[in-house]
Amino acid sequence: MSAMYTLRDLAERVGGTVRGDDSVSVCGVADLTLAEAGQVSWVTNPKYAAKLAESRAVAVLVPADFGETPMPAILCERVDRSVARLFKAFAPETCCPASGRHPSAVIDESAIVAPDAAIGPHVVIEAGASVGAGSALHAGVYVGRDAHIGEHCQLWPNVVVRERCTIGDRVEIHPNAVLGADGFGFYFDEGRHHKVPHIGGVKVEDDVEIGAGTCIDRAKVGFTRIGCGTKIDNLVHLAHNVQIGEHCMILAGVLVGGSTRIGNRAIIGGQVGIVDNITIGDGARCASGMTYVINDVPAGKTVSGIPAHDHREELRRVASSRKLPAMAETLKDLVTRVKRLEASTHNQS
Amino acid sequence: MSAMYTLRDLAERVGGTVRGDDSVSVCGVADLTLAEAGQVSWVTNPKYAAKLAESRAVAVLVPADFGETPMPAILCERVDRSVARLFKAFAPETCCPASGRHPSAVIDESAIVAPDAAIGPHVVIEAGASVGAGSALHAGVYVGRDAHIGEHCQLWPNVVVRERCTIGDRVEIHPNAVLGADGFGFYFDEGRHHKVPHIGGVKVEDDVEIGAGTCIDRAKVGFTRIGCGTKIDNLVHLAHNVQIGEHCMILAGVLVGGSTRIGNRAIIGGQVGIVDNITIGDGARCASGMTYVINDVPAGKTVSGIPAHDHREELRRVASSRKLPAMAETLKDLVTRVKRLEASTHNQS
Amino acid sequence: MSAMYTLRDLAERVGGTVRGDDSVSVCGVADLTLAEAGQVSWVTNPKYAAKLAESRAVAVLVPADFGETPMPAILCERVDRSVARLFKAFAPETCCPASGRHPSAVIDESAIVAPDAAIGPHVVIEAGASVGAGSALHAGVYVGRDAHIGEHCQLWPNVVVRERCTIGDRVEIHPNAVLGADGFGFYFDEGRHHKVPHIGGVKVEDDVEIGAGTCIDRAKVGFTRIGCGTKIDNLVHLAHNVQIGEHCMILAGVLVGGSTRIGNRAIIGGQVGIVDNITIGDGARCASGMTYVINDVPAGKTVSGIPAHDHREELRRVASSRKLPAMAETLKDLVTRVKRLEASTHNQS
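Chains as they are written, first to last, in the working numbering: chain S, 1 to 349; chain X, 1 to 349; chain P, 1 to 349.
Some hints could be false.
Note that identical chains are pooled: a pair holds if it fits in a single copy or bridges any two copies.
Stated by the list, open to error - With a straight-line Cα cutoff of 20 angstroms, these simulated SDA-like cross-link-like pairs (lysine to any residue) come out: (1) Lys-195 to Thr-44; (2) Lys-195 to Ile-267; (3) Lys-323 to Gly-28; (4) Lys-332 to Glu-342; (5) Lys-339 to Ala-328; (6) Lys-195 to Asp-169; (7) Lys-339 to Glu-329.
Source of the hints: derived by calculation from the structure; they are not laboratory data.
Given only the sequences and the hints, what does the whole structure look like? Please build it.
Printed below as a string of structure tokens:
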């Protein structure tokens, strides 16, 4: 993080306009409360404005319509995008194995590895596999027989890509993720479970990111598919034959059952469970936190709850649910009062 | 997948009877909608019958009582079993390391490894460990001191089996699973947590399958046990001293607390949580999806809910719960009306 | 487990007082029901007292105020502490790689590794990294560039510690855990997700334990922090910039969203989900099992439920919830009766 910029240069890099002295030097980036002399910070939400007064940041990135700031500011039309570029401006070089093949890597002679690919220590590449130009396979990565890794991919340490799986270009897979393990398929006969062979694979399209410890099972036949640009967080389980569209977000701890189809640009919140063999439409959202989806979700709809239904209805249900003990009291009281009214009415008749 | 059969031969392999021309050639297997010329497909459920008309499949496996099909069919008494055999008929050879020891494997000289076992690259086998005949340890597998792997096992890449754990015969363990990590046991004293040593192990019986990323902790003393024929999915956590019976199914994302006992042929659905120190009876079922089990479950019973109770009662509770906002309205209305009635009755008295 | 003690010696080791014959020989430890001749066992709860009669244990550890036992006993003031010491007394030696560097390890020449550290087979230590005195890196461990491992740490097989992460002293990390993967941060622009660079790291303080398969993401900037003495179970996900205090317990399957702060001595139960950007106070507890925390939790408070609120209120809500179908019936009945009353009152007026 030894990069150094004038505020003017930095504004240009992040896509913003300086308000105040644009000649100050910036030598790093930090949270508002942790920033030290020379470091730039950022505020995305006006509710944190009060913290600005105590911050030692030399400058701050803020939304274009943000109020006064005690230090020079870079006004940003899209502050999220500018902050990402700010981090990039101070990012250390990505740690990669050296180009070429580490002598401890075990690469089958029939594998095709681009000359400029970076193959780290203890990597294994089996027969018939391929690794595209500019890709980095960090220490301990395993690429199975006839598996294909595209160009400019990052496979972090101990990632396992089993046989006949296909990874597109610019795919990043975090440590200890597993692609292509057998799905969980058995039939019960003569008192025991018998395995259903899984002869399909996993197809990961371009620009996908897959989190640490995530497991994507291979298809029974055909492919489990992760569409272009989809991002998957840590410790996610995608069962055999799951089909995920393009530009989705699948947050940490999600479990998706076999053969379920998720459309494009869907957002599946953290810890959500989705049963097998259903369809989640384009742009649908499953709210984070113990949402359990057992029915199709139409395009554009947001669901939550156990089982999942319309999110607004669920919010009302939760609100009512909190009043349940009081409702039970009221109900008991009413029963008594109605009984009394009935007795009194009866007496009068 | 270069196998080729006549439909007659294939019917014999999968255990069914041909209806229609049994001489057609079959060169592969695919989903109904994806099948291309020469490929066979299958239908297990009559509701998909409509898709048959559009399919290019050359033949189709169906249940014995299935109606007309536009292409020749193999009628199957047990279509799930026949489909599994169908996949097997077209399965490529299992990708395994070559028999013998890869030169990069590190094997203690006191370890006993069957001559025909296949020990892949970068495998580590510690002192006193053993590996049985016909077993395959794929790249990066770790077998700890005095651990024992039976015959005809498949340990996929980067599986960790720690010291003094025992694996039976024909066990399959998927990538990055961990057997024998210390359980989570501490006592609090003088302001900090102190570790309880875990001096037991894990005992996995014959014909077990363990999913990718699954963690089975070692016992404090004695063994954490996985019974014969039990199948465990991905990303499951089994705590110290858990005892699981024979022929169970433990689906993805399940967490089982310490010392809990699960009987034979139980089915624990996806994402279910089970507390420590309880007993789940033979053939019991915990329904998939956010079921949280805090009490013993009798043999044969199905439970769901948070906390789990009788599954049918839970379904009724969920149905009522959805009407809660309406109930709250009705209740509020009733209170007003009863108050009015009381006032009117009071006036009359 | 070949250690052998007299009961007198053992009592001294575990911190207790012998009642009965203190000269008997003890050669092992086992559960009450599994103990064989010569083995010692323990009972922490009087409800298991009945099992003592059938046990073959030669002696038993019990709380100081425990009643009569059919065999000699060690009376313990703190039986949990004494049992932990009992296990330690019979614990086999920890399995560790030999001191020094295994020839298959790949260690950058700029890395600083203590001479007595034990570096196992296929370990990778990148440039600028360091490993402190007495630490053991088991087979396949990866230590990224400029990462620092303190003294007397245990990193079990296939643990990944990525670049610029810092691990304190006496830290134990179980197999296949991942520290320092990129957090899940993207901004959406021009129809696709763009990655937010994660230029921070992970800081793990002294005496922390981290479970198998657990993933702790690196910070966007600054550090994701795990405080001194905190213990984390298996398959936990801690997102970027999470701040966890000292001496906490984080049980299996917990997910914590980005930038959330957890105080000291908090207990987060199994399978709990916590959203991003909230604060959990010192000594707070989130009850195990599908608790989903979306609001700050004050110090010392216990919460549960979806979403989480006061634990006692949640218990009442659950109890009421179980009566919901009956309440719905009662309500329906009341509506009819009030209608009848209204009609009758109306007639009278």
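Structure-based check of each hint:
Proximity of Lys-195 and Thr-44 under a CA criterion of 20 angstroms is satisfied inter-copy only: 17 angstroms between copies versus 52 angstroms inside one chain copy. For the homomeric pair Lys-195 and Ile-267, the shortest alpha-carbon distance between copies (16 angstroms) is at most 20 angstroms, but the shortest distance inside one copy (33 angstroms) is not. Taking CA atoms no more than 20 angstroms apart as the test, Lys-323 paired with Gly-28 passes in neither setting, with 51 angstroms inside one copy and 55 angstroms between copies. In this homomeric assembly, Lys-332 and Glu-342 come within 20 angstroms of each other (Cα to Cα) both inside a single copy, at 15 angstroms, and across copies, at 16 angstroms.
Both within a single protomer and between protomers do Lys-339 and Ala-328 lie at most 20 angstroms apart by alpha-carbon distance, with minima of 17 angstroms and 18 angstroms respectively. Proximity of Lys-195 to Asp-169 under the C-alpha cut-off of 20 angstroms is restricted to the inter-copy arrangement: shortest distance 15 angstroms between copies versus 33 angstroms within a copy. In this assembly of identical chains, the alpha carbons of Lys-339 and Glu-329 lie at most 20 angstroms apart whether taken from the same copy (16 angstroms) or from different copies (16 angstroms).
When each numbered hint is compared with the structure, a violation occurs for hint 3 only.
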